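Undergrad: Going down the list, the protein sequences come from chains A and B. Per numbering that gives the first Met the number 0, residue 0 is the first one in the first sequence, and the count goes up by one each step. Per numbering that gives the first Met the number 0, residue 0 is the first one in the second sequence, and the count goes up by one each step.
No wet-lab data here; the hints were simulated from the structure. Errors might be hidden in some of the hints.
Derived coverage of chain B by chain A (criterion: at least 3 residues anywhere in the stretch with Cβ under 8 Å from a Cβ of chain A; other residues may be distant) [said to hold, decoys possible]:
1) 49-57
2) 66-77
3) 99-112
Quick caveat, the model's predicted, so the values are computed rather than measured. Cβ atoms here follow ideal geometry from the backbone N, Cα and C, with glycine treated the same way.
Residue-level listing of the chains:
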Amino acid sequence: MFAATLIVFRETLEAAMFIGIIAAATKQLAGRTRWLGAGVAVGALGAIALAFAADRFSDWYGGIGQDLVNITILSTALAMLIWHCVWVSTHGRELAADARSLGVAVGRGDRKPWALFLAVAMAVLREGAETVLFVGGTMAGSGTGDTTSTLLACAAGLVAGVLVGVLIYAGLSRIPVRHLFTATNLLVALLAASIASQLAKALAQAGFLEQWTSPLWNSSALLAQDSALGTVLHALMGYDARPSGAQLTFYVGVLLLIYAGTRLASRGATPLPRPAVSTTA
Amino acid sequence: MHTRRSTLCLSLAIAACALMPVPSIAADQEYLLTIRNHRFEPTELKVPAGKRVKLIVHNQDKTPEEFESHSLNREKVIPGGAKATIFIGPLKPGRYAFVGEFNEATAQGAIVVD
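This is chain A alone, in the form it adopts within the complex (with noise of 0.2 Å):
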């Protein structure tokens, strides 16, 4: 029973951590709650959609049809958190000046956080998705253990990496607003390298990329993947012991793409307007 525990754990960390870095990044953000509810809420509906259609769509193209459905996934929750990380640098400083006009700007329905919306219910559909299908096969196929307690040991294993992902929250809390932006901008750009990386490794899986497949190094004699650690910087920034050489490329890629991004996208906001001092007098 342990068993289902740990697993049904490792499954919703991953995005329970998340969705604790994405509500930390939008504090500030008014009806943000909302948003990343009815994200988490697509997500599971989503997940236990795609959980029952998995063995239709799992034999498809030569038996990656589970791969495309997973690229399709970790390419959109990337092309979203890129978007977030750009879009709140031309914002960041109305942000960090103004609690309230970013809050009055989504109010008025002129800027919905839809990247975030997304980036939440892939991040839930892909870990979700996976969560159902073992649940589901193990209430189908267990004759020895009881339903009940099947049921009791996978969602103590929910609470407990829902946990975390609050934990994260609460800690992320704790930093005063004018440091929360820069840390958790770092922390969304660190996810969306990380999701860069998983990328380049279904891409590899699925057989779309030949070339830099082979681990760079081995570092799980340091800190093996699936350790407490291993796996919590697996979520928080993507760690893997064997990485390739393409991983790497994508992760490196990513941070240069929105670091980029987000030196264009601030060059090019409009300035905000400074309060009415006496200069011109």
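Fit chain B to the given chain A structure using the hints.
TA: Relative to chain A, chain B alone:
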């Protein structure tokens, strides 16, 4: 101003997607792995070094299984009764263990590269 910024955002997002390459048509050597009663058959699979190989995992159980290997850097859920393709390598000589994560007690095996 806003349109220009959205255009920039959009082009960055598209650039990210454009990183995806096109499928390859190269013929890879195929290897079959079967899952039956939460066990892999064969438990040891020999593959050549330095070559990418195509692993076909046929899950003959009714329940799903997750093929997972940290040393191969691969993980994939295979629904009950389904066949899944996993590309691995090129690998250096050595032993690469894999498990069925959903039934780790019995589902164990290894890829042996020489």
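Undergrad: Confirm or reject each hint.
TA: Structure-based check of all given hints:
1. Note: the segment 49-57 of chain B has 3 residues with beta-carbon separation from chain A under 8 Å; the three-residue rule is met and the coverage holds.
2. Only residues whose C-beta sits within less than 8 Å of a C-beta in chain A count toward coverage, and the segment 66-77 of chain B has 7 of them, enough to reach three; the restraint holds.
3. For the segment 99-112 of chain B, the proposed coverage by chain A is satisfied: 4 residues have a C-beta within less than 8 Å of a C-beta in that chain, meeting the threshold of three.
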